[in-house]
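Turn these sequences into a full structure, and let the hints steer you where they fit.
The chain contents come next:
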Amino acid sequence: MFIGQDITRVDALDKVLGTAAFAHDLKKNNMLFACVVRSSRPHAVIKRIDVSAARALEGVVTILSHEDIPGENLFGAIKKDQPFLAAGRVRYKGEAILVVVATTEEAARRAADLVSIEYEDLGNISDPFISIQSPVLIHDGGNLLSHRKVVKGDVAKGFESSDVIVENAYSTTWIDHAYMETEAGLAYLDDRGRVVVASSTQNIHYKMKEISRLLAIPPEEVRVVQATTGGGFGGKLDVTVEGYLALAVWHTKRPVFMRYTREESLLAQTKRHPLYIVYKTGARKDGSLTAVEVNIVGDTGPYNSYGETVCLRAAVHATGPYEVPNVLVNSRMFYTNNPVSGAMRGFGVPQLALAHESQLDEIAGLIGMDPLDIRMKNALKRGSLTATSQALNHSAGLLETLKAVEPFWRERRKEGPGSGFGLGCMYYGIGNTGISNPSSCYLTLTPEGRVEMHSGVCDIGQGSDTVLLQILCDALGMEEMGIDLVRGDTDTSYDAGSTSASRQTYISGMAVCNAAQKLKKYLKEHGHYDGKPLKEIYRDAGDKGVPIFEGHFDPPTTAPDPETSQGAPYATYAFATHMTQVDVDEVTGVCKVIKVHAAHDVGRAINVSSVRGQIYGGVAMGIGLALMEEFIPGKSGSFDNYYLPTSMDMPEVEAMIVEDREPTGPFGAKGVGEPALIPQAAAIVNAIKDATGVRMRQLPCDIERLKLALEKDKENKG
Amino acid sequence: MLPKFVSVIARAKDEALSWLSSLENPKIIAGGTDLMVKMRAGKHYSHVIDVAGVPELLGVTEKDGKLFIGPATTHARLSSEGSIVRNARSLALACGLVGSPQIRNMGTIGGNLANASPAADSIPPLLVHDAVVTLESRDASRKVPLEEAIVAPYVTSIDGKELIGSIEISPLRGYREGYRRVAKRATWAISRLGVAFAIREENGMFLDAKLAIGSCTPMPFRPRKVEDLLKGAPKNEATISDAIRMTLEEIKLISGIRPSYAYKLPVLKGILEEVLRG
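Quick mapping for you: the protein sequence lines, in order, are chains A and B.
Just so it is clear: in the first sequence, position 239 is 238 by numbering that gives the first Met the number 0, and no numbers are missing.
Just so it is clear: in the second sequence, position 66 is 65 by numbering that gives the first Met the number 0, and no numbers are missing.
Keep in mind the hints are simulated off the structure, nothing from the lab.
Glycine residues also receive a C-beta, built at the ideal position from the N, C-alpha and C atoms.
Please note that a few of the clues may not be correct.
Okay, the calculated beta carbon distance ranges per label pair [stated by the list, open to error]:
#1 B/241 / A/707: 54 to 62 Å
#2 A/707 / B/227: 30 to 38 Å
#3 B/99 / A/409: 33 to 41 Å
#4 A/262 / B/22: 56 to 64 Å
Next comes the structure, spelled out in C-alpha cells:
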C-alpha cells in the first residue's frame, strides 16, 4: 500500500542536496544570452525603433523583432490574441518588443537599455469601467472579451419570497504569483537540428504547439522539456521565455539561455484578475437561501490569457457551495491597458469566495443565526443541485468539513479586544470548465525488470510525480516502488494537459490507473502474479518486445449552455471549510492571523504530507490575498514594495483531511491545490468583522485600509 | 547589474581614512544592505572601502557616563548588547526590528545613520538619547549632534572624505523606555511609523519625556515643545490629549498635509496615548 502513506517525495533528495537542475541552473557550452526589450508605455503606437547603439555594443549577436518571426506572431491558451513581440503597437507597460541576443547576459541587458523607442501614446484604458464606454478600442472586436451568464430559476420571485436581502459591492486587485523561481529557460538545436526548449513551465505539450506555430515548423520538430520548476500557481501556463528562446535559437543556431529578473517578472508576467463584484443575496428567516444575483466585472488587461476561463469559472462558482434555488449571474471581462491578468490559483473563485462568504455572514447576522449553522443549513450535499443544476451524485463532503471544525467553532473564546473568528467555505470544480481536458500516459517494462512510467505531467513543486507513482504502485499491486519515471519531456511522453485547475491527481491519476489496468492484465497473463519476475517477462517477450500500455482519461463534463450555463461543467468538486482566528490592533490596523483550522474534502489523500503542504501554502497565499498583496501598475516594481507574507505572518495551521471518496477518481481522490487557498481570505475578512464590527469589502485589507475603516466606523458611531 | 568598482578592505581606521582621502570617488561600505541596492540600481563609486572589520569601529564602550557605539556594529549585535539593552532599551528594540535577520546580521548602525532614510528604525531612539556623531577625516575630527547631521531625507552633512568614527549616546536610567513601530507585515518591512520614547514619572507627574517620531516627516524628529509641555505636568488625560494635539500640529507645521497622514496621524495618536498612559 502506497496510497494514504507519507511517501517521501521522489524529488526530495535532489532538492535538499541542491543537485536538482532548475531552469536557472541550465547551461550549455558556447551559449548565448537573451533579454527582452519592453514597452515603457501602456498604450501606444511605436513610431520608430533605433537599435544602432545596441547593435554596436560588443558582444551583441542579434536583435530580433516581430519581423523576424517566421510563423505566426500570436499566442494564447484560449484565444490567439497576444503577440510574442509587439508589431507596431503596445497595449501594456512591459509588453515585449525586441529580443536582444548577446554573448553575455550583461551585454544583452546593457544593449537592451541602449535601444531607443519613439512612441505615440494612445488613450490609456486604466480600468474596466472606462473600457466599457471607451471609444478607444484595444482590439478591433471591441473591449468586451467575454460575457457569461448563469440563469437558474427566477431570481425576482426568489427575492420576493425572501425575508432578508443583503446587497453589497466587493473588489479585489492584481496579485503576483511570486514563485520562488522567476521565468527561465535554455534552448538549443539537437543533433537532428530540431529546436529543444527546456524551461520552468506548467505545460510542455501546449508550449510545443505554440513554438511550432511561431516558427512555422511541424510540432515534431520541437521538443519541450520541463526543467525542475520552482513554482507556477498559473503564471507559467502562458508562454513566457519559451517563444523568445525558440526564436533566438532559430536565428543564431547556438544555445541560448534567458531568465527574467524579479523586477521583469513582476512587470511583464500575468497577475490575478481584479474583479468588481456586486452581490445580492436573499434568504428566509430560517436561514435558507432563496436567491442570489451577482454582477461581476473583470479586468483582463489587453490580452485574453485565461480571461475567458476566469469569467466563466467565477460565474459558475458565484453562489459558493450552497443550494440556491434562484440564481442570476452576469460575468463580464473587459480588455484594459493594465497588466495581463491570467491564471492564478483559483481562476477567479477566491475573489467570489470573498463575496459569497461575507454575504452569508451578513444574512446570518440579520436573522440572528450562527455563521456555522447557516452554512450547514445551505450546504451542498449528495443529491443537491448546484447553481448550474448539476446533481451532485458522488463525493460532496462539505458538511463533513463543517463538522470537522464544529467543535473548535463552538468552543471559540475571544481572547480580548481585537480578537475574532471567521468561517470561510468553498467548492471548486476539478479540471477545466465544461470542455474536454484529457490526460494520457504510457507504461512499459525495462530490461532490468522495472516498470517504466512515461508522464507528461509537470510537477511544479506540488508533488504530482510522487502521487502518480503511488497511484501506479497500488494499481499494479506492487510491494516495492520498482518504477522508473520518465517525465516532463514531449519526446518521451503523451500530452497530460496543463498542471492547473487542481486537475493532475484526479485526471492524470485516472489515466495512470487506466494504463495500469492494461499492464496488470498483461502481467497476469504472463504469470507475474504467480511469481514470475518482471525481468523474465521482459526477456521472454524476446524480439516481439513488451508492448506499451497507454492510459487515457477525460473527465465527463457537459458544455455550459451559452445563455444559462446550465449543465455539468465538472466531473467532481472539492469542498472545504476554514476557520480563522485573528487579532486586530485597532490602534495600528494590523491584523495578525493567529490560528487556522482548515478542513478539506479531498476525496482521498494519496500523499498526506503533500495534502497538508498544499493546505499550509494555500493559507499563506490567502493571508497575502486578504491582508497585504497588491500589485499597483507603475508603482510595484520589486519585492521592496510588493508585500508578500513571510513566515512571521503565518499562523498555526491545523490541517484536517476529510475523505468523501470520489468514485470516478483514482482510489477516490479529487484535488486540493487551489481549494487550499480559496476560502482563507473570506475567513479572515469574516474574522475581522467579528473582531471589530467592521466589514471589509475591498482586498487587500491592509493596515491602512483597515485603520481608515475603523476610524470611519468610530465617526459613524460617535 | 552591479557596475564595476574597486574594493579595498581596511584593517584599521587610519587606513580607511587615508584611502578615503586619496582614492578617487570613494565610498565607505560596512554591511552594504543599502549601498549594494543603490549601486545595483545604477549609483556608481570607483572605490568601495570596506570597514566592516575595523576594530576601532566595532562594539560598544562606556566612558565618562556616556556610551560610544562603533558605527560598524551590526543591528543584530546592538539588539542584544547588554549595555544597550540596559541603558538604551528603545535602541535595542529598534535594532531588533530592522529588516530581516539577514539584514540585521549585515547592516550596521553607522550605515543606517549615513543612509538617513526617514524610515530608519535606529534614528528615533538615537535622537531620544541625544546622539552625537564624531565625523573623522584624515586631517580633522568634529562632533555633530545627530539632529544636525541629517539635513534632508537621505542627505547628511557628512563630507565625502569623512567617516563616522563613533556614535555617542547618553544612557537613560529610571526611564520607561521603548520603541513602537508599525509595518505592513510582521517582519522584513519598512516602518510606516516609528515612535521611540523615554519617560520618567513620579507621583502622577511627568518628570521628563523624550519622544522621537520616525517615518512621518522628512527626517525623524523630536517634538521639543511637547516634551517641554510634559515636563512637570500632571499625568492625566488633559495633559496627554494636549501633548498629542501639539504633536500632530507640529507634524503638520513641518510637512503640511500628506495623503499618508489620513492613516498615520490617527495611528500616531493611538500610539502616543498608549505610550503616555504607560
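Tested hints:
1. B/241 / A/707: 54 to 62 Å: Since residue 241 of chain B and residue 707 of chain A have Cβ atoms about 25 Å apart, the given range 54 to 62 Å is violated.
2. A/707 / B/227: 30 to 38 Å: For residue 227 of chain B against residue 707 of chain A, whose Cβ atoms are near 32 Å apart, the range 30 to 38 Å holds.
3. B/99 / A/409: 33 to 41 Å: 39 Å, holds
4. A/262 / B/22: 56 to 64 Å: Violated - the Cβ-Cβ distance for residue 262 of chain A and residue 22 of chain B, about 32 Å, lies outside 56 to 64 Å.
Taken one by one, the earlier hints fail for this structure at numbers 1, 4, listed in ascending order.
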